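Using the hints provided, position chains Y, S and C relative to the given structure of chain Z.
Number of protein chains: 4
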Amino acid sequence: MAANTFGNIFCLTTFGESHGEAIGGIIDGCPSGLKLDMAFIQNELQRRKPGQSHITTQRKEDDEVKILSGVFNEITTGHPIGFIIENNNQKSKDYEHLKEVYRPSHADFTYQQKFGIRDYRGGGRSSARETASRIVGGAIAKLILNQYQISIQAYVSQVGTIKLEKPYTELNLSKTEESIIRCPDEEIANKMISYIEEIRKNGDTIGGIISCVIKGTPIGLGEPVFDKLHADLGKAMLSINAVKGFEYGAGFSSINYKGSELNDVFINEENKIKTKTNFSGGIQGGISNGEDIYFNVAFKPVATIMQEQLSVDMNGNATTVQGKGRHDPCVLPRAVPIVESMAALVIVDNLLKQRSATL
Amino acid sequence: MAANTFGNIFCLTTFGESHGEAIGGIIDGCPSGLKLDMAFIQNELQRRKPGQSHITTQRKEDDEVKILSGVFNEITTGHPIGFIIENNNQKSKDYEHLKEVYRPSHADFTYQQKFGIRDYRGGGRSSARETASRIVGGAIAKLILNQYQISIQAYVSQVGTIKLEKPYTELNLSKTEESIIRCPDEEIANKMISYIEEIRKNGDTIGGIISCVIKGTPIGLGEPVFDKLHADLGKAMLSINAVKGFEYGAGFSSINYKGSELNDVFINEENKIKTKTNFSGGIQGGISNGEDIYFNVAFKPVATIMQEQLSVDMNGNATTVQGKGRHDPCVLPRAVPIVESMAALVIVDNLLKQRSATL
Amino acid sequence: MAANTFGNIFCLTTFGESHGEAIGGIIDGCPSGLKLDMAFIQNELQRRKPGQSHITTQRKEDDEVKILSGVFNEITTGHPIGFIIENNNQKSKDYEHLKEVYRPSHADFTYQQKFGIRDYRGGGRSSARETASRIVGGAIAKLILNQYQISIQAYVSQVGTIKLEKPYTELNLSKTEESIIRCPDEEIANKMISYIEEIRKNGDTIGGIISCVIKGTPIGLGEPVFDKLHADLGKAMLSINAVKGFEYGAGFSSINYKGSELNDVFINEENKIKTKTNFSGGIQGGISNGEDIYFNVAFKPVATIMQEQLSVDMNGNATTVQGKGRHDPCVLPRAVPIVESMAALVIVDNLLKQRSATL
Amino acid sequence: MAANTFGNIFCLTTFGESHGEAIGGIIDGCPSGLKLDMAFIQNELQRRKPGQSHITTQRKEDDEVKILSGVFNEITTGHPIGFIIENNNQKSKDYEHLKEVYRPSHADFTYQQKFGIRDYRGGGRSSARETASRIVGGAIAKLILNQYQISIQAYVSQVGTIKLEKPYTELNLSKTEESIIRCPDEEIANKMISYIEEIRKNGDTIGGIISCVIKGTPIGLGEPVFDKLHADLGKAMLSINAVKGFEYGAGFSSINYKGSELNDVFINEENKIKTKTNFSGGIQGGISNGEDIYFNVAFKPVATIMQEQLSVDMNGNATTVQGKGRHDPCVLPRAVPIVESMAALVIVDNLLKQRSATL
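Chains as they are written, first to last, in this note's numbering: chain Z, 1 to 359; chain Y, 1 to 359; chain S, 1 to 359; chain C, 1 to 359.
In short, the hints are calculated from the structure, not lab data.
Fair warning: this is a prediction, and the values are worked out from it, not measured in the lab.
It is possible that some hints are incorrect.
[As the list claims (entries may be wrong)] Listed below are the simulated DSS-like cross-link pairs for lysine-lysine, each with C-alpha atoms no more than 27 Å apart in a straight line:
(1) Z:K276 with Y:K274
(2) Z:K215 with Z:K166
(3) S:K60 with S:K201
(4) Y:K324 with Y:K91
(5) Z:K258 with Y:K35
(6) Z:K91 with C:K66
(7) C:K258 with S:K163
Bound-form chain Z, shown alone:
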């Protein structure tokens, strides 16, 4: 079962609460022989780090990962890679007022009901801090994908109603990291940033969409019938905090087209079978077809707001609750590397599975 484990061959298990001693995880099933580029892994963590710009939370967390095992002379040994990230800048006092109150649309109520106990400090296990461990797993997965010339690039394509209308094929994705909102179109990016600044001033929060493109996937990844590649990707994305929807290829817009319009006709391009269009999003019958894989992930606004909201306490008495401390008005810029990490975990796992497909 192991609900804190993701993957079947390349398996990431995470642990840790926001205000405990440390968070961390174990990667089991990483093949031996991989050079572990620690600078790259740490850099991926920086991309998720709080306080990275004025539109994110101002919490200061170092998020320094310490690898404890599975590596010898900088090379993976095939044994589990244990790692921890210490919790240093926790201000648990900011959460004392939540001890007996449930924040609307947060996990406070359901955690308490499910387990009969909850660590209310910083959201405990429900805190998005947990995703730092996913970044570590995803970064190692990316190092493997590098060797296969597979690249994963996510970006913010919508914040509230501010939308980047252009498809990814018309964007210069290498510009994504140049803006603090991680939108590759400078003009839209600036609009998004201004909007988030305004939202923050009002003590409110806003959601949006992260789009992701995977290039270079070989043909054949994905397992019929339940572990279709997009089903794995969908689960991966839906497991990220605040995600409300997932679509790939033409996605929900598929319903506006007829089969004759949406089918991706096969062509022979320089002795390689390709599709003329790519409404399928690089996956047909649950299996990668060699075209670009692309998908969208919808994030709701963060539940914790700085405005006063009605709620109830653990005894069912009416009360109010108001966010304290340092929270994100919009998680999207920091969620970009998380989306990439989860995608990387899925692709590596399926790459390894594919090794058993044929005799």
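Only chains Y, S and C this time, still in chain Z's reference frame:
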């Protein structure tokens, strides 16, 4: 790994190709003591059956399930329930022309590439016929849910651009089965039917949206952090043929609202903690909160159309391909019980998992 | 969880009771491209079949396997292989007297207590008839192993106190199938047979030891730390009905030697690193080292005897019980192919796992 | 797959090498509401600790466990329990000579061949130091078992040929911890100790048998057909370093008895159905029957000896190798809590599984 198994405790494994001797499966982990209502199971299969109306494929398949084990005196014994559904009405000749040609947007190409071999008759394993086995698993899951007063009801809410705008709370879902399109609003249903008739005449296909509502789920189902309840539901839905997107609660529309607008405020209603609104879709922090769970599933148009399309053959030579035989112009009416079945499998599995949550 | 599934990549799931309609299973994860030699599979089933000689049960079961899926033009497609074996010669009346009585040392009592219900006919799910499905899985596994030049050969090395003292290295294992007891030494075989005849006359039963040798295993199979190759083999063997013990290499006799005596010294033989002795049984640190793997499996006498035994009924009243119908006085000759099958499942699964060990 | 994870519901994943920064693990699936008695957990670690007596290795390791998550106010929260044990007293120089040489019967050769790389310092991942993490998992499992009045007690019953002939029913197991060899019979214990002292003086090593008794197991644990309770126990024990064999109940000696002699007759004792004898070892049909569960585990002598042995280096050149540093002449006294821990993991996992057995 077992990519043809769904679930962790209540596990459905399916086998079978469209034109083989039989399809079927094994349900492992069904608790003992359940009265197996065979009439109900068979009736669920009828809802998915081809040829049930003039807007579905005209193939005649009996889809009669035979239970082979795991039941004694009509009661489940706790042992695996093996079952088969024979393939009787196969016309493999209808598929001879596909032996060496890849249908656009179908699984022909990817299956061939992944495995180096494929059963081209009727789509082989990629055929939606496989979902009949899911219906059997789902029907047994529903029998368990009945005992917990949990009900699952799906319906067609959109076909092409014809959309049922009303939310489920304003619909009489008990009317769903009254129309052959399985849309509970008579007027919209008729429009959808007319539209599908037109699509069929043109030898084309069309997709749409199935919405699903789960009522009566106890608080506490779903497992942080990777096996969030909606992540399990999303994977379940995305594993169904032709599905391109999944959203739950406010879904993709969440991005149009601020946190202050979208948060579900807690209230005390007759000594029960409830939420005033339900944008969360009954799931918070990945765990059911006792409110209705609702979600949408987007289906693309069926890939096989009766029009001639450009394609290539296995040697990469340009050719054309045209659907023969008996195909669905729109899978949605038959997919309604499949969506329900997959949802039932997820809920039962999580109900059983929940038994281990606390000491 | 799936307690009726064995294996991680090459997965066998079985279903079926002794007196139901059929038993069978699904093999998920069989690589595509394997020629499925049906004659070989059926022949393996004959080796386990009841009534094969006068020292086994005289029940007549055809044990004819029907493959339902996963194969196209006799080649595996990479999709699940569903199969059934019909139950034809069941005489349920022979078991009416067991409806409310617990046979000593049988599964009657524990099944009833665990599940609150049990199919008492022929032992239901606890019947060794279930192992016929394992033979099918094992036979397909053997077909894969053939391609790797890996062979598995089990034989009866002890019945009661009649023991084959020679190690396997001094035996001609190709003679195993020549005797109905499946002991490769003719003289000992005959003693065993006479002894079983005598045991049967007394309405009693007897156990013994099956030894098994696996030749040709490549270096590197087995996964630290929990899935050591011998741990997988041990679990596989202990899951067979009536097995009470497992040892590999020097096994329990290891305790009689000092490290200096038992260590297998490495030597270089024609540019290949080998061990001079093989007390390790071909596995070091849980991983195959290329030497022969060998192990012993201890079987207790069959629980069902033809003598009257004291027992209690379901209400706890003292009573007696006596076997009726057709039972084995000694399961060992029929268990030889079961031991081989389970070993084959383990080795194939680990062969496929090994494909992910290195980058 | 996750070969470093043990268990299905209560899952222990371990990481770490002997000479890395730390070892540790994650326990996922521990129910919420358990008071985590840290003194007990630490005490269990002391029982495994090196240097605890003059007959064990003289290495000094503190083996202090730090719990990093999953606990709030000393109570488990239902979230993963991450923990580490730092490696402090490593003397890697003692292992420089092993960089290119394979110790006979150790994991050096197979690890190198399987992964193409190995951490030779202190045996790396193959070091029994890994079992300290199992002790942590097992100790937490024992805390759960305490609540069910289930107790597990292992003891050394044989060292070389010095054997404790009495069955456990005639021993006072509470005396086990009184002797440094962990044998409850004082006289035999002293003989064992003297023998180990002699073995050590000769730079040699010796193995033996650990017996284990589980009392208080409820009826019904264990899952047909592959996850029989004794199959789970067997795998657990065989996954411990140096184990060569496992038997339960009458075990290998079953072969010396007829069915009429070995069957455990049922009796009614004060309105409770019991067995008169217990050759079954508390498990029938793979399911616990409420009687004591007992089993034996055979350990070979430690591979690393202080005598010079012939071997080869990584290039296949003949050489010699001799243990340096601080090694155990006999692992049995320190392995007693490991056997108990693995047994506890199995029983807790099956207790939780049993919650899903019936409707």
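Hint check:
1. Proposed proximity of Z:K276 and Y:K274 is contradicted: the alpha carbons are some 51 Å apart, above 27 Å.
2. Note on Z:K215 and Z:K166: the hinted pairing holds, with a Cα-Cα distance of about 18 Å set against a maximum of 27 Å.
3. Proposed proximity of S:K60 and S:K201 is supported: the alpha carbons are some 20 Å apart, at most 27 Å.
4. Simply put, Y:K324 and Y:K91 have alpha-carbon atoms about 11 Å apart, close enough for the 27 Å limit, and the pair holds.
5. Annotation: proposed proximity of Z:K258 to Y:K35 is violated, straight-line Cα distance about 44 Å (limit 27 Å).
6. Among the hinted pairs, Z:K91 with C:K66 is consistent with the structure: their alpha-carbon atoms are about 22 Å apart, no more than 27 Å.
7. Under the criterion of a C-alpha separation no larger than 27 Å, the hint pairing C:K258 with S:K163 is consistent with the structure, at around 16 Å.
In this structure, the earlier hints numbered 1 and 5 are contradicted, and the remaining ones agree with it.
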